[in-house]
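Trainee: Sequence:
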Amino acid sequence: MSNPISHQHIGAARVTRVEEMAGPAFRLSTLFPDWDDAVFEAHKDWLVPNYVNPEKMTALLAMHSWVLELDGLTVLVDTCVGNDKDRMPMERWHHHEGPYLQRLEEAGFRPEDIDMVMCTHLHVDHVGWNTRLRGGRWVPTFPNAKYVFSRVDYEHYKDRTGDMDAASFADSVLPIVEHGLAEMTDGDFLLAEGLLLEPAPGHTPGHVTLRLESGPEAAVFTGDMLHHPLQVYLPDWNSRFCILPDEARVSRHRILDYCSDRGALLMPAHFGTPHCCHIDRAGEAFALRWHYG
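Numbering (the numbering used here) for the sequence shown: 1 to 293.
A hint or two may mislead.
[To be verified] Beta-carbon label-pair distances, calculated as ranges:
(1) Y233 <-> G136: 44 to 50 Å
(2) G72 <-> P99: 26 to 32 Å
(3) N144 <-> Q102: 15 to 21 Å
(4) E105 <-> G293: 40 to 46 Å
(5) E284 <-> G23: 30 to 36 Å
(6) V177 <-> W290: 36 to 42 Å
(7) A287 <-> D84: 40 to 46 Å
(8) A287 <-> E217: 17 to 23 Å
[As the list claims (entries may be wrong)] Okay, derived cross-link-like pairs now, DMTMM-like style, lysine to aspartate or glutamate, Cα gap no bigger than 20 Å in a straight line:
(9) K146 <-> E198
(10) K158 <-> D186
(11) K146 <-> E97
These are computed hints drawn from the structure, not numbers from a lab. Glycine residues also receive a C-beta, built at the ideal position from the N, C-alpha and C atoms.
Just need the whole structure built from these sequences, with the hints factored in.
Mentor: Right under this line is the structure:
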């Protein structure tokens with residue numbers, strides 16, 4: 001089990017991981033439509049114990065935010081599930097009560113210290129702590145922050161009804177817009193010097209990644225373009241949640257190409273310990289080297 005709070009430096013930037021939860025998630029055959037048991041046999045030496053439960057053949061996933069500090073700016077990337085929210089049929093997330101904000105403060109960040117919240121996409125497990133319950137109303141958790149959303153994702157989800165994404169839009173996205181704290185982005189968008197949002201459609205229509213470049217060092221915060229480290233080795237594998245499969249494959253290959261060519265760290269939203277890695281080319285595909293900070 002990893003520490004729920006960790007720090008590292010990427011160039012002049014300080015990057016902190018704050019974990020909301022971690023553990024068994026989906027069966028691998030459920031998570032990956034192309035699942036083949038032979039893949040587990042080929043990779044089991046490194047998959048167990050941190051990334052697969054071999055008895056139940058379930059993926060072990062983390063749920064965390066990344067906090068970037070660079071040139072006086074504090075950016076929170078993805079806000080997990082949140083507390084008190086209606087999230088059935090996901091029982092583990094439904095009315096969740098966890099110490100996320102306490103961990104954030106333990107890491108050195110009060111809610112009012114966050115200057116910008118960036119959601120890589122608007123799925124339920126990436127927007128939850130955008131808001132918290134106060135007096136029966138959902139209010140912005142980070143009152144001084146500008147919340148950056150993809151306009152494409154916003155338009156995609158705003159009229160949904162009857163599912164978890166509709167519920168999370170209503171309680172975790174719409175209140176931000178109503179409070180005047182949302183900034184909608186289209187295409188490439190420079191958050192600040194060295195911090196570039198880039199479209200990476202596929203998992204959702206408006207999914208974006210955040211590229212950090214500081215001196216000779218770089219990292220890419222990839223959201224859900226890769227759910228599980230197996231996808232480094234099998235970049236054509238989508239998760240069951242990828243809405244646009246062909247576009248997701250293109251985006252995934254592009255991100256892995258960049259990380260390999262630039263020597264950039266891959267920093268996804270759900271990888272287990274140590275949560276980020278370097279990417280090497282391996283013939284026509286890729287391989288990973290774990291980064292321990």
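Trainee: Which earlier hints turn out false for this structure, listed by number in ascending order?
Mentor: 4, 11
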